[in-house]
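Taken in sequence, the protein lines are chains A and B. Heads up, the first sequence is in our numbering, so the first residue is 4 and it goes up one at a time. Heads up, the second sequence is in our numbering, so the first residue is 34 and it goes up one at a time.
In short, the hints are calculated from the structure, not lab data. The model shown is predicted, which means the values in this text are computed figures rather than measured ones. Mixed in with the good hints, there may be bad ones.
[To be verified] A short, non-exhaustive set of chain A residues, derived as facing chain B with CB atoms under 8 Å:
1. Arg73
2. Arg75
3. Ser76
4. Trp106
In this text, a Cβ means the ideal position worked out from N, Cα and C, and glycines have one as well.
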Amino acid sequence: MSMEDYDFLFKIVLIGNAGVGKTCLVRRFTQGLFPPGQGATIGVDFMIKTVEINGEKVKLQIWDTAGQERFRSITQSYYRSANALILTYDITCEESFRCLPEWLREIEQYASNKVITVLVGNKIDLAERREVSQQRAEEFSEAQDMYYLETSAKESDNVEKLFLDLACRLISEARQNTLVNNVSSPLPGEGKSISYLTCCNFN
Amino acid sequence: MGTKMADLDSPQKLSGVPPPPEGVGGGRCSEISIELIRSLTELQELEAVYERLCGEEKVVERELDALLEQQNTIESKMVTLHRMGPNLQLIEGDAKQLAGMITFTCNLAENVSSKVRQLDLAKNRLYQAIQRADDILDLKFCMDGVQTALRNEDYEQAAAHIHRYLCLDKSVIELSRQGKEGSMIDANLKLLQEAEQRLKAIVTEKFAIATKEGDLPQVERFFKIFPLLGLHEEGLSKFSEYLCKQVASKAEENLLLVLGTDMSDRRAAVIFADTLTLLFEGIARIVETHQPIVETYYGPGRLYNLIKYLQVECDRQVEKVVDKFIKQRDYHQQFRHVQNNMMRNSATEKIEPRELDPILTEVTLMNARSELYLRFLRKRISSDFEVGDSMASEEVKQEHQKCLDKLLNNCLLSCTMQELIGLYITMEEYFMRETVNKAVALDTYEKGQLTSSMVDDVFYIVKKCIGRALSSSSIDCLCAMINLATTELESDFRDVLCNKLRMGFPATTLQDIQRGVTSAVNIMHSSLQQGKFDTKGIESTDEAKLSFLSDCTKLFSQGIGGEQAQAKFDSCLSDLAAVSSKFRDLLQEGLTELNSTAIKPQVQPWINTFLSVSHNIEEEEFNDYEANDPWVQQFILNLEQQMAEFKAGLSPVIYDSLTSLMTSLVAVELEKVVLKSTFNRLGGLQFDKELRSLVAYLTTVTTWTIRDKFARLSQMATILNLERVTEILDYWGANSGPLTWRLTPAEVRQVLALRIDFRSEDIKRLRL
């Protein structure tokens, strides 16, 4: 591996029920592919993509986890070192939305308290089969203090935006942390409210 | 008239310029018309006109001469033209003849080619006719052959005939039927079809009997006949049915043996892993033995189908074995117990980690065997597909790859093992955490050792757990355990160290020097271990990393993971290695703390005694100091005593860091007291001597140069040693030479002012 050819390195872990499209989101972002008939992920998969944001090279290490229950103990072991978690559900599957609180409990239990969590509703290309309204998801994410985005890995809607916005937010968070560390004791979560959406506009 | 002539034959006309239309009729060229001449009355005018006419005449004459000269050439040309006349007629005749010939040839050629075409067609038809005749003959031959073969029970021969018949072009047969001999062929065909059905029935029946009787040669005999009858799928499924039965009976036998195994047996602890191994080995042997037949008689690319059938039986048997394993070893119950224990502040009785040890080992062994078996299947099927697909398109190849992945990833064996490993990871994590806690609780320190027992213990435990995960051959399991080990070391174990450090340095003021030293040493003895601890830890992680790496290289060389797995593993391992840098930070923190709470309170009073030694001295006192050192020797002695205590209990690296911190402290503190003292010339000299002794001593106890730390002090000594104020200029600015001043001009003035014999006006007047 060629090291040090980047300014930032972030670990992003995708979690969520089986079959909500985590692997497709990762494939779409890292390879520009949408492989149909994707088999279930086994254990965890690992992809790397380096993006440039405001002239800075950001290396994103993306861990795509299996959604099936029997891999839970494997996937949980990755939470702690994650800088960001992408919690994914399927807008055409009520069940995957109803499981979100359970996933949040896992995050609470295993992830670092500084982790950034993004809620993603995938498969908006299947809008006619939608079971979870956007408003409901927005209310939920607001209540949980999460950023919310709806995507389609198939149509490539919002996929770039999801990862690039997240990278932006991670950068500003990292800067904030070094600043805070230099001044006084770091307060976890401080500066999180800063709107990163205004700091960079993609597309 | 003359003018007219001139006008007609004017050179203009000859040169091809179109003549003006009125040129012939009117004497336009000659400006002088008859009418004009007639109208002339004056002689003078007539003369003038005449003159002009004469001139014109001359010109005309000249032109006429020139024209006459050309007459000869023109005439000779005319003669030649006349002579060519008959020749032209000849040419015309020849041309006509040629055209006739060409038309004829063309017609001929067309005729010939159409004949060739007809011939070709005829030839093709002939071939077809021959082929059909052959086919019909074959058909007849096959029919006769089948009958005889069937009568003789030579099923191979009969099948070969049927195979030949099946290979015939169906359209040819159809066509033949419509021919004159249709009825005969029809009859033949009917017979053949009957024979085919009969043969199929016979083969199926005989195969069934052979299977029932377990007559392997007969089974194989009929297995070979199926593909000849176009029954590839059926043959494979029937054959695998037979093989599955064998697998099942063997597996049941083995399972019964397991249940009867004595608990004292040498292999009792891994009996289920052994049973699985036997099952896998059995299937592998079957694949190994029968692959050649399948390949030869069914063609390449069929092994997948056979294994697909076998895997169903394998799954069934695995389920039985694993069920028994779960029941007999209380796997799920143990897991639930562990899960309850993992909840912080749970009330249930803790499970003894040591009790989990055998079951954890067995599970990893089971998974390792499954991985090995699945890898074997993958390799076999892949290479069989490769042969079969050598000519196939990319899509077909991908389709086959997908089928293979699906078979191996979705089979019950994979899922069952993934479930077992999922539970294993949680239990292994518990095992690691609890054992580490135990090691911390049982921490003992033996005199003469640089580290207490938990250092080695904890790293041994972590290494053992990761090593066991590695032995499962599952890359995800290994990575998960590395992650969990990182978490354990980075949070829980780091907390343990932090707490020890915090307890190690109570903020007490140590007034009594004697007591101070001993209690500092005591504090060190209890807290030192952390210090050593950490380096040991760093070494251990690096060491452990190395050993994992070598093990993993072995794993990778077996071709388990591929690049993807390697990258995953590298990433997780680098996180684990990063833990050592966190420990290093912790160590530095601890040492700084130790320096400020334990060393500083001791050293400060020793340095402060410097203030009670006058540096405003006369020759006599200076000499007296020479004989009875007032400060520095005692100070060095004190330092030496204190550091000796530390040196005995600290590892060299940590001792070095500590002395470095201590020397910095001495330099800073000494500077403070110097700035509070006053000096005269001899006092300055005395201080210079003292500083030199101190630096010389400190150089002997540290491994790196400390000159830098004392640079400011030695520059102060230089200033205090000056004869006159202005002498500083010999060392300052342009005259500084290799010396880099660490003191600012203001500080230089401040130090100069410490000399009571320097006048402040002189110092102020200095230009620095």
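Quick rundown of the hints versus the structure:
1. With its C-beta approaching chain B no nearer than about 4 Å, Arg73 of chain A sits inside the 8 Å limit, and its interface hint holds.
2. Because the smallest distance between the Cβ of Arg75 of chain A and any Cβ of chain B comes to about 6 Å, under 8 Å, the interface hint for this residue holds.
3. Restraint check, Ser76 of chain A versus chain B: the minimum CB separation of about 4 Å is within 8 Å; hint holds.
4. Hint on Trp106 of chain A is violated. Least Cβ distance to chain B is approximately 17 Å, over the 8 Å limit.
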